[in-house]
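Undergrad: Here is how the chains run, residue by residue.
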Amino acid sequence: MTIKVGIADTTFAMVDMASVAIKTLNNMTDKIKIIRYTVPGMKDLPVACKKLIEEEGCEITMALGMPGKMDKDKVCAHEASQGLMMAQLMTNKHIIEVFVHEDEAKDGKELDWLAKRRAEEHAENVYYMLFNQKYLQKRAGQGLRQGFEDVGSALK
Amino acid sequence: MTIKVGIADTTFAMVDMASVAIKTLNNMTDKIKIIRYTVPGMKDLPVACKKLIEEEGCEITMALGMPGKMDKDKVCAHEASQGLMMAQLMTNKHIIEVFVHEDEAKDGKELDWLAKRRAEEHAENVYYMLFNQKYLQKRAGQGLRQGFEDVGSALK
Amino acid sequence: MTIKVGIADTTFAMVDMASVAIKTLNNMTDKIKIIRYTVPGMKDLPVACKKLIEEEGCEITMALGMPGKMDKDKVCAHEASQGLMMAQLMTNKHIIEVFVHEDEAKDGKELDWLAKRRAEEHAENVYYMLFNQKYLQKRAGQGLRQGFEDVGSALK
Amino acid sequence: MTIKVGIADTTFAMVDMASVAIKTLNNMTDKIKIIRYTVPGMKDLPVACKKLIEEEGCEITMALGMPGKMDKDKVCAHEASQGLMMAQLMTNKHIIEVFVHEDEAKDGKELDWLAKRRAEEHAENVYYMLFNQKYLQKRAGQGLRQGFEDVGSALK
Amino acid sequence: MTIKVGIADTTFAMVDMASVAIKTLNNMTDKIKIIRYTVPGMKDLPVACKKLIEEEGCEITMALGMPGKMDKDKVCAHEASQGLMMAQLMTNKHIIEVFVHEDEAKDGKELDWLAKRRAEEHAENVYYMLFNQKYLQKRAGQGLRQGFEDVGSALK
Chain A
1 MTIKVGIADT
11 TFAMVDMASV
21 AIKTLNNMTD
31 KIKIIRYTVP
41 GMKDLPVACK
51 KLIEEEGCEI
61 TMALGMPGKM
71 DKDKVCAHEA
81 SQGLMMAQLM
91 TNKHIIEVFV
101 HEDEAKDGKE
111 LDWLAKRRAE
121 EHAENVYYML
131 FNQKYLQKRA
141 GQGLRQGFED
151 VGSALK
Chain B
1 MTIKVGIADT
11 TFAMVDMASV
21 AIKTLNNMTD
31 KIKIIRYTVP
41 GMKDLPVACK
51 KLIEEEGCEI
61 TMALGMPGKM
71 DKDKVCAHEA
81 SQGLMMAQLM
91 TNKHIIEVFV
101 HEDEAKDGKE
111 LDWLAKRRAE
121 EHAENVYYML
131 FNQKYLQKRA
141 GQGLRQGFED
151 VGSALK
Chain C
1 MTIKVGIADT
11 TFAMVDMASV
21 AIKTLNNMTD
31 KIKIIRYTVP
41 GMKDLPVACK
51 KLIEEEGCEI
61 TMALGMPGKM
71 DKDKVCAHEA
81 SQGLMMAQLM
91 TNKHIIEVFV
101 HEDEAKDGKE
111 LDWLAKRRAE
121 EHAENVYYML
131 FNQKYLQKRA
141 GQGLRQGFED
151 VGSALK
Chain D
1 MTIKVGIADT
11 TFAMVDMASV
21 AIKTLNNMTD
31 KIKIIRYTVP
41 GMKDLPVACK
51 KLIEEEGCEI
61 TMALGMPGKM
71 DKDKVCAHEA
81 SQGLMMAQLM
91 TNKHIIEVFV
101 HEDEAKDGKE
111 LDWLAKRRAE
121 EHAENVYYML
131 FNQKYLQKRA
141 GQGLRQGFED
151 VGSALK
Chain E
1 MTIKVGIADT
11 TFAMVDMASV
21 AIKTLNNMTD
31 KIKIIRYTVP
41 GMKDLPVACK
51 KLIEEEGCEI
61 TMALGMPGKM
71 DKDKVCAHEA
81 SQGLMMAQLM
91 TNKHIIEVFV
101 HEDEAKDGKE
111 LDWLAKRRAE
121 EHAENVYYML
131 FNQKYLQKRA
141 GQGLRQGFED
151 VGSALK
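Chains as they are written, first to last, in the numbering used here: chain A, 1 to 156; chain B, 1 to 156; chain C, 1 to 156; chain D, 1 to 156; chain E, 1 to 156.
Heads up, a few of these hints could be off.
In this list, chains with the same sequence are indistinguishable; a pair is considered to hold if it fits within one copy or across any two.
Stated by the list, open to error - Here are the simulated BS3-like cross-link-like pairs (lysine-lysine), alpha carbons at most 27 angstroms apart as the crow flies: (1) K93 <-> K23; (2) K156 <-> K138; (3) K93 <-> K134; (4) K72 <-> K93.
Note that these hints are calculated values from the structure, not bench results.
Given these sequences and hints, build the entire structure.
TA: Here it is as C-alpha cells:
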C-alpha cells in the first residue's frame, strides 16, 4: 500500500524546489504517492498542507517557501511558520518546513543551489521519518544541517 | 452551480480595493457569486472572513486591508495576519490576504495604483485557485509578485 | 427582541471609556441591552469578552483598554489583541477592540479626550455593524479613523 | 459550598509569592479552598493552570512567575503569557497573571517587596472577581496598578 | 504499572542531550518506560511530543533542542516554544522544554557541558513532577536554574 506525501509550494519562490523534492523522494522509494499543490505565497501554505493531510490523506507533507529580504517578508515567514506549527498540532501529522531566505545566499546562482540542496536533504528526512526512524535517532545531536554544510557536534 | 466567493474589506483602508477585486473576478467568470462584507479595521477581518465561510458558505475569501505607517499599525497587521491564518486552519478554506502597507508607496497616487493592481492580481489568483490549479503549478518557483513587478527566477 | 451588547473594560485604564460607549449606543438605539463587565487589566479582557458572548449571549462586544508607555506594556497589548482575535474566531462573533495607547496623547487632558472620542466612534461602528452594514460598505476604503481625524482616501 | 481557587507558581522565581497570595485570600474569605501547584518554570504555568481548572475544578487561578533580565527571558515570558491567554479561552475561566520582571526592581530587597505586594493586590482582585464585581466596576478607568502605586485617572 | 515518559530530540542539536536525560531518569526510578523520538529540527518537536502523548500514551514529555546563533534561529526557537505551549494545552500534559541556545556557552566544550547538565536537571524535574510534587513546592520561589548555578532567593 502506498503512503501519500504532500508537497506544497508557491509561485512567489524564485526556485522550483518542489521538482527536486519529488525527484529525490521518487528515487529513494516507490512506496509513496506524491500529491503536489501550488499556491501563490508562503502564507497560503499552512491551509494548503492541512488540506493535503485532511482532504487528500497525506501522511506527511513538505512546505516549500522562499521568504524575501524585507522586514515585511520576515514577518510573513514567521506567520507562515506559526500556521504550519498549528496545522501539525491540529492533525498530528508532520509538516516539514523548507524555507530558504533570499538573503541566505550571496547571489541568484547560490540561491538556486541552496534551495535545491535544502529541498533534497529535507526530502531525505521525510523518507527517514516515514521508513527509518532509527537512522535519525543514530544521528541525534550531531549538528546536521540542510543546505549548507553540517556543523557537527559541539566537541568535534 | 455557482461558487460563493467572499470579499472582506475595511473603512480604514485609503483605497476601495474591493470594487477592483469584484470587477476582476466578474470579468473572468460567471460561475461565482460574490458576497462583500465591510468592517471598520484590519483586525475585524479574520472573524469577518470566518463568518463569510461558515455562515455564508464561501469557498474562498479575500481579506483586503491597508496597514498604516506607525509601529503600532505594523503590530496590528501582524495580529490580523495571525487571525487570518488561524481562520483558514479552522475552516480548511483559503483566505487570500491582500494587505498593502501605506509605506510601500511613495505617495497617495502610487498607493492607489498599487492597492488596485495588487487586488486585481490576487483576484486572478483566486480564479486560478478555484478553476485552474494547473496554471499555478506551471508557474511555481518563478518569483511572481502581486502589485509591483515579478522578480522572476533566481537564475534569470 | 433586544440584542445583547457586551462592554468589557478595566480598572487599569486611566479613563472611563465604557460609560461613553454605553451612552453613545443607548442614544442611537433602544433595540439593545448592554452588559458591562469590568476586569483588572487588558489581558483579562479576552476571556471576559468570550464569557460575555458565550455565557451572557452577547451578539457583539467592545473591549476597552489602555496600554501603558513601557515596552512591557506594548507586549501586554499585543498579547491581549491576540487573545481578542482568538476569542472572535472561537465564537464567530465580533469583538471591537478599542485600545488607546497612553503615549498617543501629549498629556492627560488629550488622553482623556482621545479615549472618550475613540470609544464613541467605535460604539457608532458597533451600531452600524448590527443594524446598518450598508453604511459601512458605502464608506469602504475612505481612510476612516476613530479618535483622531480621518485620513481620507489615497487620492484625496 | 466552597469555591476552588488555583495557585500555580515556580521554583524559578526568586520570591515565594504564592504564600502571600494564599494568606491574603484566606484572610478575606473562608468561602474558598485553595489548591497550589508548583512547577519548575514560567512556561510550565499555562498547562498547570489548565489542569487546575479542568482536573481540579478551580473557578479561577493565579499564575505567579518572575521573568529574568535577559532578552531570552522576555521571550519566555511572552510565550508563557500567550499560553495563559489560550488556556483561559479554552476553559472560559480567568487566570490572573502575576508576573514580576526581575528588572522592575532596583535590588533584591525591592524585588522581594514588589513581588509580595503585587501578589497581594492581585489576590484581592481575585476576591473581587469572585464575590464583588460591582467593586471593580466602580473603579473602572481609575488607573489602578498592582505592586507600585496607582497612576490614577488621566484628569487627576 | 509503569508510566510512559516521552523524549523528543533533534539531529540539528550539537549535543546528544537525550541520552543524558534517559540515563538520569532511569537512575532515579524503575517505574517509568521511556519512548524516544528523534526528528530533524526544533520545529518538528511540538507535533512529535503531541504524538508521543496521544499516540504512545506518554504522561509527560521532554523536548530537547538547541537553537543556533542567528536571528533566524531565535525566531525558530520562539515558534517551536509556541508550538510546545499549544501542544500542552491541547493535551493537558506537561512538556518540559529543554532548549540550550548555542550562544549561551563560550565554546564547544562549555556548550557540551551546559546541554548535558541542563538535560540532567530537567530530567530530575520530570521525576519530581511525576512522583514528588511536594519537593517542588518546598523549593518554590528559590531562584532555581537548570544548567548554570541557581540564583537563589531575592533576599539571599
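Undergrad: All hints are to be evaluated individually against the structure, with a verdict given for each.
TA: Status of the hints after comparison with the structure:
| no. | hint | result |
| --- | --- | --- |
| 1 | K93 <-> K23 | within (22 angstroms within a copy, 29 angstroms between copies) |
| 2 | K156 <-> K138 | within (17 angstroms within a copy, 41 angstroms between copies) |
| 3 | K93 <-> K134 | both (19 angstroms within a copy, 26 angstroms between copies) |
| 4 | K72 <-> K93 | between (29 angstroms within a copy, 24 angstroms between copies) |
Violated hints: none; the structure is consistent with every hint.
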